[in-house]
Amino acid sequence: MPNITLPDGSVRRFEGAVTGTEVAAAIGPGLAKAALAMKVDGRAADLSRSIEADCRVVFVTRRDPEALEMIRHDTAHVLAEAVQSLYPGTQVTIGPSIENGFYYDFARNEPFRPEDFPAIEARMREIVARRAKFVREVWDRDAAIAFFAARGERYKAELIRDLPQSETITIYRQGEWLDLCRGPHMRDTGDIGGAFRLMKVAGAYWRGDHRNAMLTRIYGTAWRDQKELDAHLHQLEEAERRDHRRIGREMDLFHIQEEAVGSIFWHPKGWKLYRTVEEYMRRRLDASGYDEVRTPQLVDRSLWERSGHWEKYREHMFIATVEDEEKTLALKPMNCPCHVQIFRHGLRSYRELPMRMAEFGACHRYEPSGALHGIMRVRGFTQDDAHIFCTEAQIAGETARFVELLRSVYADFGYETFRVKFADRPDTRAGEDAVWDRAEAALREACAMAGVEYELNPGEGAFYGPKLEFVLRDAIGRDWQCGTLQVDFVLPERLDAEYVGEDSARHRPVMLHRAILGSFERFLGILIEQYAGRFPLWLAPVQVVVASIVSDAGEYAEQVAAALRAGGLEARADTRNEKINAKVREHSLAHVPVLAVVGRREAEQRSVALRRLGSDAQEVLGLAEAVALLKSEAEAPDVRRAGR
RNA sequence: GCCGGCGUAGCUCAGGGGUAGAGCAACUGAUUCGUAAUCAGUAGGUCCGCGGUUCAAUUCCGCGCGCCGGCACCA
Numbered sequence: 092m093p094n095i096t097l098p099d100g101s102v103r104r105f106e107g108a109v110t111g112t113e114v115a116a117a118i119g120p121g122l123a124k125a126a127l128a129m130k131v132d133g134r135a136a137d138l139s140r141s142i143e144a145d146c147r148v149v150f151v152t153r154r155d156p157e158a159l160e161m162i163r164h165d166t167a168h169v170l171a172e173a174v175q176s177l178y179p180g181t182q183v184t185i186g187p188s189i190e191n192g193f194y195y196d197f198a199r200n201e202p203f204r205p206e207d208f209p210a211i212e213a214r215m216r217e218i219v220a221r222r223a224k225f226v227r228e229v230w231d232r233d234a235a236i237a238f239f240a241a242r243g244e245r246y247k248a249e250l251i252r253d254l255p256q257s258e259t260i261t262i263y264r265q266g267e268w269l270d271l272c273r274g275p276h277m278r279d280t281g282d283i284g285g286a287f288r289l290m291k292v293a294g295a296y297w298r299g300d301h302r303n304a305m306l307t308r309i310y311g312t313a314w315r316d317q318k319e320l321d322a323h324l325h326q327l328e329e330a331e332r333r334d335h336r337r338i339g340r341e342m343d344l345f346h347i348q349e350e351a352v353g354s355i356f357w358h359p360k361g362w363k364l365y366r367t368v369e370e371y372m373r374r375r376l377d378a379s380g381y382d383e384v385r386t387p388q389l390v391d392r393s394l395w396e397r398s399g400h401w402e403k404y405r406e407h408m409f410i411a412t413v414e415d416e417e418k419t420l421a422l423k424p425m426n427c428p429c430h431v432q433i434f435r436h437g438l439r440s441y442r443e444l445p446m447r448m449a450e451f452g453a454c455h456r457y458e459p460s461g462a463l464h465g466i467m468r469v470r471g472f473t474q475d476d477a478h479i480f481c482t483e484a485q486i487a488g489e490t491a492r493f494v495e496l497l498r499s500v501y502a503d504f505g506y507e508t509f510r511v512k513f514a515d516r517p518d519t520r521a522g523e524d525a526v527w528d529r530a531e532a533a534l535r536e537a538c539a540m541a542g543v544e545y546e547l548n549p550g551e552g553a554f555y556g557p558k559l560e561f562v563l564r565d566a567i568g569r570d571w572q573c574g575t576l577q578v579d580f581v582l583p584e585r586l587d588a589e590y591v592g593e594d595s596a597r598h599r600p601v602m603l604h605r606a607i608l609g610s611f612e613r614f615l616g617i618l619i620e621q622y623a624g625r626f627p628l629w630l631a632p633v634q635v636v637v638a639s640i641v642s643d644a645g646e647y648a649e650q651v652a653a654a655l656r657a658g659g660l661e662a663r664a665d666t667r668n669e670k671i672n673a674k675v676r677e678h679s680l681a682h683v684p685v686l687a688v689v690g691r692r693e694a695e696q697r698s699v700a701l702r703r704l705g706s707d708a709q710e711v712l713g714l715a716e717a718v719a720l721l722k723s724e725a726e727a728p729d730v731r732r733a734g735r
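In the working numbering, the protein residues as written are 92 to 735.
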């Protein structure tokens, strides 16, 4: 005799077990029609499940976030059925819902191609139109394994074999077709609707392990209705327009070419942007108690052997040799061992701690070819790197201090929110477990102190210590680690860093590896996408273009540009023999934030007509006044704060 | 690195076993114009590279390189 509590607090009493469908029907025909699934005491379940005990029930309708997930999951099942009916012999594996859609991994000798999509989609629509009921069945474990094995579904058989013994083995049928699945599902395939589309094919390793077979994955997107699908497709197009590779070319910021794969040719405008960011970071670090250093590019392999990098990362290091010398050198893949060398140079006292050693360190790593991506993932890059040498007791305070700086920097670049992940000990690591316990505990404590909320990223720490990852998102929705903070008890030991403590004895310092931007290249890529090339004035590589209307105003235009440059602004004159309309259009498309238009009138009055990007309003000011105004507007955020 | 796709002018793209095409950009000339494209003309190509098939390959086939999308990797 279950008492069922509904979200409005009302309680319904039933004589004996009832299904969700029956409960919904008892409440009203509207709900009976709209309910797709339910949550029993917070756990999602099929409407067909029977309820025997007292519980709280919430029905899931199409508008609920859970519904979207179910639509996607159900669509994945329909995709699998369609594929198996069209391509016999294809094995099914797994097919979850993901952000914006779903995928399904198939095992098939010949990978799918986008040309296969129309046929598959057509079959999927047939299956949806059939409105086949999703039917849940509980199977005996061994029977299930035998069943799938007999069908040649060895991946499914393996999945079931590896499920914990406590797990109930459930099968979902949709008409003739069935799949191993935890569920839940909606009522029938018709609930999916028609707002889905197959998007792309990709290879994917079975169980995400590169030693396993490569499966063929089909990605799709699915939504509640056509309008949502259209909006999503439109957003993808918009994202493509923001792509930093496209904007980099259009704005003439940088290029990459075959002779230097993974390294960037920065063009004048791109380098101007880079320098603006670098100078900003240098001011912030100077003001935050860091000391900047510079260390060698080429370092003998013996140092990398001592640090442990040679053993673990040798395959990913660029090695340099010279004919006359026997030495083997490596282009530095990171800066920390070099920074330890500076720390070790001379006897250190506890009074010097914490020592914050910063370097805009140019590093090279031989990244796998498939990992390269525009300027976001490259082989030659520069980190805004620093190492904080401190005592164990100083970890929490230094972490809090760092997070505060990072937040402020991100806010200055327009990022008010970002994600933080806590990556703990990986399987292969250096250092004793006891050391890891201390390092992880110290970092957790530091997060609490700094008020940092994080999600766990298990097993993803660096080989020498746990880390915080500060994650930003690009235009296409991909996440990139930018900032990081890593607690390291191992390297100081390996490279024998020590200081003299208050007790006159020698002690090991702790190292905090930390970066805010991560690499300039990656951060600039994300920044370009975030602003879609329309940078705020302080970052814009060309801040003002002075456009003359007639050739008589050409000389004055040059004077205006010179005056702006004298004021520290990046300004150029456009005195070409073009109509003002053409100039406005061109420089607007080039995302120049401010246009200063000058004709005969302005030349006579020694004034300028300012026009801001994104507005067609004109503001006529005297030249000196305009320079002062723009100069103040173009101040970097930290400079402005200091000036107040 | 693995799976799939792609590689034609500076850019965006069309084409196709036998003289390589457009728009924009560039260049030259005319035009001197008030806030998102003035007009006319000119020039521009190892059709990614190497090999093969063929009387003939940019086109078909193979290999390589690069790029794109995923997967794996990311000190």
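Don't take every hint at face value.
Claimed, not checked - DMTMM-like cross-link-like pairs, simulated, lysine to aspartate or glutamate; straight-line CA separation at most 20 Å:
1. Lys224 <-> Asp145
2. Lys418 <-> Glu406
3. Lys403 <-> Asp300
4. Lys130 <-> Asp145
Stated by the list, open to error - Computed spacing ranges between beta-carbons, pair by pair:
5. Glu370 <-> Glu328: 21 to 27 Å
6. Ser440 <-> Arg625: 35 to 41 Å
7. Gly133 <-> Arg104: 20 to 26 Å
8. His323 <-> Leu389: 45 to 51 Å
Think of the hints as simulated: they come from the structure by calculation, not from any bench. It should be emphasised that the depicted structure is a prediction, and the values quoted were computed from it without experimental measurement. Note that beta-carbon positions come from the ideal geometry of N, C-alpha and C, so glycine has one too.
Now the hints, each set against the structure:
Between Lys224 and Asp145, the direct Cα distance comes to roughly 27 Å. Violation of the 20 Å bound is thereby established for this hinted pair. For the proposed pair Lys418 and Glu406, the alpha carbon gap of about 18 Å is at most 20 Å, so the pair holds. Pair hint Lys403 plus Asp300 holds up; C-alpha atoms about 19 Å apart against a cutoff of 20 Å. A hinted pair counts as satisfied when its Cα atoms are at most 20 Å apart, and Lys130 with Asp145 qualifies at roughly 13 Å.
Checked against the hint of 21 to 27 Å, the pair Glu370 and Glu328 fails, with Cβ atoms roughly 35 Å apart. One distance hint, 35 to 41 Å for the beta-carbon pair Ser440 and Arg625, is violated here, with the actual separation near 50 Å. A C-beta distance of roughly 21 Å is found between Gly133 and Arg104, which places it inside the suggested range of 20 to 26 Å. Look at His323 against Leu389: about 49 Å separates their beta carbons, and that is inside 45 to 51 Å.
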